[in-house]
Amino acid sequence: MSGVLVLSVRVFASAGSWIESDAVDQCHRVAGLDGMVHVAGMPDLHPGKGAPIGAAMLSSVLYPFLVGSDIGCGIAVFPIRVKRPHLEKLAARFPDLDRGLTPDDEEWPDDIPAGHRDSLGTVGRGNHFVELARVDDVFRPYEINKGDLVLIVHSGSRGLGESILRAHTEVHGAGPAADPAAYLKEHDDAVRWGSLNRRLMAERVANALGAVVEAPIVDECHNFVEVRDGLYLHRKGAAAGDGRDVLVAGTRGTPSYLVAGHAGAEANFSVAHGAGRKMSRADALRRGKAKHTVAELRRTAVGSFVVCGDRQLLFEEAPTAYKRIEQVIGDLVAYELATSVAVTIPLITYKTKDRS
Numbered sequence: 001m002s003g004v005l006v007l008s009v010r011v012f013a014s015a016g017s018w019i020e021s022d023a024v025d026q027c028h029r030v031a032g033l034d035g036m037v038h039v040a041g042m043p044d045l046h047p048g049k050g051a052p053i054g055a056a057m058l059s060s061v062l063y064p065f066l067v068g069s070d071i072g073c074g075i076a077v078f079p080i081r082v083k084r085p086h087l088e089k090l091a092a093r094f095p096d097l098d099r100g101l102t103p104d105d106e107e108w109p110d111d112i113p114a115g116h117r118d119s120l121g122t123v124g125r126g127n128h129f130v131e132l133a134r135v136d137d138v139f140r141p142y143e144i145n146k147g148d149l150v151l152i153v154h155s156g157s158r159g160l161g162e163s164i165l166r167a168h169t170e171v172h173g174a175g176p177a178a179d180p181a182a183y184l185k186e187h188d189d190a191v192r193w194g195s196l197n198r199r200l201m202a203e204r205v206a207n208a209l210g211a212v213v214e215a216p217i218v219d220e221c222h223n224f225v226e227v228r229d230g231l232y233l234h235r236k237g238a239a240a241g242d243g244r245d246v247l248v249a250g251t252r253g254t255p256s257y258l259v260a261g262h263a264g265a266e267a268n269f270s271v272a273h274g275a276g277r278k279m280s281r282a283d284a285l286r287r288g289k290a291k292h293t294v295a296e297l298r299r300t301a302v303g304s305f306v307v308c309g310d311r312q313l314l315f316e317e318a319p320t321a322y323k324r325i326e327q328v329i330g331d332l333v334a335y336e337l338a339t340s341v342a343v344t345i346p347l348i349t350y351k352t353k354d355r356s
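1 is the number of the first residue of the sequence shown in full-length UniProt numbering; add one for each residue after it.
It is worth saying that the hints were derived from the structure and are not from the lab. Please note that a few of the clues may not be correct.
The calculated SDA-like cross-link candidates involving lysine to any residue, where the alpha carbons are at most 25 Å apart (straight line), are [as the list claims (entries may be wrong)]:
| no. | residue 1 | residue 2 |
| --- | --- | --- |
| 1 | Lys353 | Arg84 |
| 2 | Lys278 | Leu231 |
| 3 | Lys185 | Ser119 |
| 4 | Lys353 | Lys146 |
| 5 | Lys353 | Pro255 |
| 6 | Lys291 | Pro85 |
| 7 | Lys146 | Lys289 |
| 8 | Lys89 | Lys278 |
| 9 | Lys49 | Thr300 |
| 10 | Lys146 | Lys185 |
| 11 | Lys83 | Val218 |
| 12 | Lys146 | Pro85 |
| 13 | Lys291 | Ser17 |
| 14 | Lys146 | Lys49 |
| 15 | Lys289 | Lys185 |
| 16 | Lys278 | Gly243 |
| 17 | Lys89 | Lys291 |
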């Protein structure tokens, strides 16, 4: 199956996939930047602020804005053992992941990258979440089995990555990094911080639920830059797909897929990171209010519970605002970028504390 190859842009999406022309246009604009070698769009490609989301961009020049503000944002999957999985009661016991940890909390770590203590152990807003899910199917021998429970944590470096990008853009705007080595040092701290933050949230949830959480079987970020063969491979909403296992997130009302990535150079060694937005937040809010009630959005089509005290966020992040995850996975498989390993079904999805 061949992709769309135009100049230095290739989009790995079939004719049946929902890909906005604005996103493709952004790919071509990025391809015109000085030093750009190749832009690969994933099947979850959608427009971002100045640069596409769901894209991997290879260049001889390092552009911090192509990575964005949430450096190190990613998804980790933790096997978890829950004694009595009564979902409604467990949903009520989720901790307040809007409240940052303090040194008095038992989860407080000994070593914090860059010394960034603010918002430690918090999930953030937007498409970030913490989800208790059930393994619905496994397609080959793996560390998890059908029926097991896992905790899926999607979050990033919170204010640390934002401060790094802001310091750059205040001086250089969307231009290249004046000192790539200095940027990469700060970037790497933010990547480590994001991974630590996901682990801390898993521990917080496990402690609140009286559960036992294990080391992550997957922890891959999808907003970062990698130095590869002397070039800079920027990933914005794209995960490393060269021999890595990646959790491609669906929505709070649809499955997610654990895949084994085996993408090559044409895909910039990358795979999709999720379903990808189909609607803007404003459109999702407007259409959702006309179609759903808040009560309807707190339970999903698969019977799972949604913990979200922000009504606007409930509508903005509705499953209908996203592309079909089955189509995204189908394209990854058809283009031989990845192979499905397992499927998870959401049981409880935490967005923000329900203050009521």
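Right, here's what the structure says about each hint:
Between the alpha carbons of Lys353 and Arg84 the distance comes to roughly 22 Å, so the proposed pair stays at or under 25 Å and holds. For a cut-off of 25 Å, the pair hint linking Lys278 to Leu231 is broken: about 32 Å separates their Cα positions. About 21 Å separates the Cα atoms of Lys185 and Ser119, which keeps this hinted pair within 25 Å; it holds. For the given pair, Lys353 sits about 30 Å from Lys146 by alpha-carbon distance, which is inconsistent with the 25 Å threshold.
Simply put, Lys353 and Pro255 have alpha-carbon atoms about 23 Å apart, close enough for the 25 Å limit, and the pair holds. For a cut-off of 25 Å, the pair hint linking Lys291 to Pro85 is broken: about 31 Å separates their Cα positions. For a cut-off of 25 Å, the pair hint linking Lys146 to Lys289 is broken: about 36 Å separates their Cα positions. A C-alpha spacing of about 33 Å is found between Lys89 and Lys278, which places the hinted pair above 25 Å, so the restraint is violated.
A hinted pair counts as satisfied when its Cα atoms are at most 25 Å apart, and Lys49 with Thr300 does not qualify at roughly 30 Å. The suggested pairing of Lys146 with Lys185 is violated, with an alpha-carbon distance near 41 Å, which exceeds 25 Å. In summary, the hint linking Lys83 to Val218 is supported, as the alpha carbons are separated by about 23 Å, within the 25 Å threshold. The hinted pair formed by Lys146 and Pro85 meets the criterion: a straight-line CA distance of about 16 Å does not exceed 25 Å.
A distance of roughly 24 Å separates the Cα atoms of Lys291 and Ser17; the hinted pair therefore holds under the 25 Å criterion. For the hint pairing Lys146 with Lys49, the CA-to-CA distance comes to about 39 Å; that exceeds 25 Å, so the pair is violated. Distance check on the hinted pair: Lys289 and Lys185 sit about 44 Å apart at the alpha-carbon level, beyond 25 Å; violated. Pair hint Lys278 plus Gly243 does not hold up; C-alpha atoms about 29 Å apart against a cutoff of 25 Å.
In summary, the hint linking Lys89 to Lys291 is not supported, as the alpha carbons are separated by about 28 Å, beyond the 25 Å threshold.
Of the hints listed earlier, those the structure fails to meet are numbers 2, 4, 6, 7, 8, 9, 10, 14, 15, 16 and 17, in rising order.
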